[in-house]
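Line order of the protein sequences matches chains G and C. First residue of the first sequence? That's 1 in full-length UniProt numbering, and the numbers climb one at a time after it. First residue of the second sequence? That's 1 in full-length UniProt numbering, and the numbers climb one at a time after it.
Calculated directly from the structure, the hints in this document are not laboratory data. What you are looking at is a predicted structure, and each value in this text was computed from that prediction instead of being measured. Just so you know, not all the hints are guaranteed correct.
Using C-beta positions, here's what the derived DEER-type ranges look like [as the list claims (entries may be wrong)]:
id, chain 1, residue 1, chain 2, residue 2, range
1, C, Trp40, G, Glu127, 57 to 63 Å
2, G, Asp118, C, Thr100, 29 to 35 Å
3, G, Asp352, C, Ala158, 45 to 51 Å
4, G, Lys349, C, Ile43, 54 to 60 Å
5, C, Lys51, G, Gly561, 45 to 51 Å
6, G, Thr387, C, Ala11, 37 to 43 Å
7, G, Glu127, C, Met172, 57 to 63 Å
8, C, Asp140, G, Pro584, 48 to 54 Å
9, G, Thr387, C, Trp40, 23 to 29 Å
10, C, Thr100, G, Gly561, 32 to 38 Å
11, G, Asp352, C, Gly216, 34 to 40 Å
12, C, Ile35, G, Gly561, 54 to 60 Å
13, G, Pro535, C, Asp218, 31 to 37 Å
14, C, Thr100, G, Gln392, 22 to 28 Å
Restricting the straight-line Cα-Cα distance to at most 20 Å, the calculated cross-link-like pairs of lysine to aspartate or glutamate (DMTMM-like) are [claimed, not checked]:
id, chain 1, residue 1, chain 2, residue 2
15, C, Lys139, G, Asp502
16, G, Lys542, G, Asp600
17, G, Lys634, C, Glu116
18, G, Lys391, C, Asp20
Ideal placement from N, C-alpha and C gives every residue a C-beta, glycine not left out.
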Amino acid sequence: MLDFFTIFSKGGLVLWCFQGVRGPAAATAPVNALIRSVLLQERGGNNSFNHEALTLKYKLDNQFELVFVVGFQKILTLTYVDKLIDDVHKEFRDKYRNEFQQKGTLGILNGTFDFKDDFMRLLRDAEESSRVRAPTVMKTFEQSLKSQKTVKCMLETRGEKPKEKVKNKKNKGSKKEGAETVAAPGKASVGEKQLSAAGEKEELTKDEILQKNREEFFRRHMRAGEKSSKSPKPEAQKEKGKKPRVWDLGNSNAKVLDYSNSATNGSTEACPVEEFDPDLGLGDRNREPGRLYDLEYESNDEAEEEKFIQNPTKPSAKKGGLGGMFGMLKGLVGSKSLTREDMEPILEKMKDHLIAKNVAAEIAIQLCESVAKKLEGKVMGTFTTVTSTVKQALQEALVQILQPQRRVDVLRDVMDAQRHRRPYVVTFCGVNGVGKSTNLAKISFWLIENGFSVLIAACDTFRAGAVEQLRTHTRRLNTLHPPESHGGRTMVQLYEKGYGKDAAGIAMEAISYARNQGFDVVLVDTAGRMQDNAPLMTALAKLIAVNAPDLVLFVGEALVGNEAVDQLVKFNKALADHSMAQTPRLIDGIVLTKFDTIDDKVGAAISMTYITSKPIVFVGTGQTYCDLRSLNAKAVVAALMKA
Amino acid sequence: MAGRLEPHLEALRRELRASDPAVLSVLLALLAVAITFLIWRFIQSRRSSRKAVLLLGLCDAGKTLLFARLLTGRYRDTQTSITDSSAVYRARNDKSANVTLIDLPGHESLRLQFLERFKAAARAIVFVVDSVAFQREVKDVAEFLYQVLVDSTVLKNAPALLIACNKQDVTMAKSAKLIQQQLEKELNTLRVTRSAAPTSLDGSATGGSAQLGRKGKDFDFSQLPMKVEFVECSARGSKGEEGDADFEDLEKWLAKIA
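With the hints as constraints, model all of the structure from the sequences given.
Right under this line is the structure:
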């Protein structure tokens with residue numbers, strides 16, 4: 001049932017491969033996809049991965065640097081796969097332990113790994129173990145809890161209807177019981193007794209119901225009788241002349257029913273001065289008049305939580321006393337392999353540290369999970385502690401995430417587009433107030449400095465002053481780079497059509513205008529929108545799908561915390577859903593703004609690149625035109641790991 | 001001569017006896033420390049002598065297969081590498097000098113990290129290029145090559161550089177000459193765009209402050225401080241998996257620098 005099973009080293013050499021249903025070389029592409037999307041992007045938390053029609057499950061051996069991958073069809077649900085992988089792992093490792101330990105890489109290169117017979121045996125065992133399980137026998141009615149309940153506890157004394165339902169149920173139940181009692185005569189007497197008791201109860205309740213009804217009826221009749229005694233009088237009077245209808249609520253007349261203030265609405269009487277209780281109105285008597293007080297927050301809850309957390313950890317620390325000391329010594333010298341329990345406390349601390357540095361919570365958890373998977377079973381060298389190993393691995397993982405997966409060179413791509421005589425279109429999208437227009441101006445300044453002419457398309461037709469803002473920027477940039485110093489051509493121009501128009505249409509017109517006039521770059525500014533505003537997201541997706549820009553940049557501020565995950569996921573989803581193409585245009589890059597407002601809480605960079613796996617193209621560090629930087633992965637990670 | 005030494009030795013002996021034993025012991029300890037320090041330094045310099053040949057390149061260029069072929073001569077199936085692999089390689093002509101071949105992963109998120117780790121020990125760099133997909137990937141190849149070339153450690157040590165145009169067994173493969181021309185053109189453009197990129201967050205320039213080649217003139221591989229050569233090879237070999245690989249030029253070059 002398996003498609004393939006491969007065992008390969010982390011250095012890339014395939015040690016052994018089993019081709020099941022498909023032919024050879026069907027394993028390479030899916031496994032490469034697995035490596036690229038899961039292992040290299042630190043998503044190693046859960047160990048299964050879907051690629052086209054296959055599901056891939058994998059296991060890492062960190063001691064000998066091996067990877068075990070099994071692939072099978074997605075529609076099948078094979079229950080024995082996990083156990084199979086574990087068994088194969090153990091056998092393979094034990095069988096070829098010598099090659100790995102003594103000969104190292106050459107051992108892997110030269111060794112022949114004849115594992116087929118063992119594998120077939122393990123596969124057969126696994127398949128049999130999943131098949132051999134007695135079919136589950138259904139519980140009989142007597143064994144279930146329902147038969148042990150009495151009727152009384154199932155009754156609700158709210159009204160007649162539930163009782164009726166219960167009665168019907170009981171009837172059905174009794175029918176069933178009748179059938180069962182035929183089969184089990186031993187229990188028949190009990191069952192019958194129950195039936196009879198239930199039946200009696202029901203009859204009693206029926207009587208009760210009838211009685212209650214009668215009582216109520218009489219009661220009503222009494223009242224009715226009184227009323228009827230009243231009624232002839234008004235009837236007699238009715239014959240005389242029309243009388244106002246008297247309702248049951250008593251002899252109230254219009255005056256009493258009039259609740260409107262007689263004094264207000266045009267009357268000359270002054271409103272009665274209400275009694276103003278100064279204590280209620282002003283609140284705290286002790287406040288100084290005119291002073292604005294700070295927000296008082298309650299720090300009691302946090303202190304309590306910390307105490308609770310500390311208490312359970314204390315006893316475990318005490319237990320670890322003597323054993324911990326020897327373990328520490330043992331860990332310093334010689335080869336100790338890492339286990340989950342060793343890494344657990346350190347990973348917890350690292351996770352909290354990351355969250356304190358503004359990394360989104362779920363991403364911090366996934367990252368720590370992936371690092372744990374990568375380190376489990378690894379043999380530490382001499383004089384390395386568990387803490388240092390974990391920190392090192394986490395640092396490498398973070399640098400890996402921040403490295404761009406594709407080439408980030410905007411100038412090179414603009415030059416390419418210049419050669420093909422078409423403008424290079426960049427679209428900026430993001431939520432409200434992150435700095436799209438400001439960073440658009442900065443990027444156009446940078447492009448002008450490098451000799452490219454820019455057309456700014458004002459597709460923010462909603463926010464008041466958006467077009468004027470861009471016009472001011474255009475004027476300033478033209479002052480800084482007048483046409484005379486660039487051979488007579490205007491380096492930056494604004495294309496706008498006012499407010500209220502369709503953004504996608506303006507973008508399309510701007511691009512064709514740029515092509516006609518020979519502009520090198522078109523920067524499209526869109527309106528800020530919240531990620532759960534469906535009509536606005538549809539409009540943005542339409543703009544991007546129709547105009548097919550070369551670069552779609554998502555502008556996000558560095559101050560954002562867990563929101564970053566939600567924003568990016570929903571933006572990408574909207575772009576994917578509303579695109580007609582086979583491969584929809586998603587976000588191509590991220591602009592991280594307001595970086596100067598955070599000192600070293602740089603976690604937002606990690607959250608954003610982890611979610612999209614797209615690079616951070618620019619970083620905005622201020623509001624002047626020169627405050628545009630590119631990301632330095634090592635510096636960011638150093639700031640992140642700093643205590 | 002012995003006469004001249006004798007009175008000196010006598011004087012030394014008298015002084016030693018006269019002086020305080022504590023001072024003596026301190027002097028002896030300092031001497032021992034100095035000797036240990038010198039020995040340690042000597043061993044370090046021996047260890048850090050650059051004996052490694054790095055196999056670099058983009059993903060799917062064929063580095064791991066080349067690595068396996070060079071060491072064992074046999075064909076092996078390969079997957080995308082996640083970590084480095086290293087082994088000692090003995091040149092064919094029995095010169096008894098051996099180098100350590102190190103195969104580094106080519107994936108974008110890993111390549112710079114591993115380069116950082118091994119660049120100091122590099123005596124030579126073999127940059128493997130996929131000749132079939134070169135036309136499509138020329139910008140990515142040039143970018144990685146640029147990053148390798150402007151690295152400060154690489155510029156300082158100037159290891160010999162060989163650009164191996166792999167996958168020549170496929171008919172559509174580009175020749176080494178064509179690849180050289182295209183790379184020179186691309187690197188010429190790159191040094192302009194990379195130096196114009198926005199500066200990095202901590203102030204250091206992204207592409208390194210080094211200028212590749214000579215200003216004012218078009219970029220040429222001869223302008224680099226290290227020796228650069230281009231060879232064609234095929235790790236898979238023209239006869240497929242059973243036959244040998246076609247890389248005599250590569251082996252000759254390796255023997256030369258070993």
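- prompt: Which numbered hints are broken by the structure, listed smallest first?
  reply: 4, 6, 7, 8, 10, 11, 13, 15, 16 and 18
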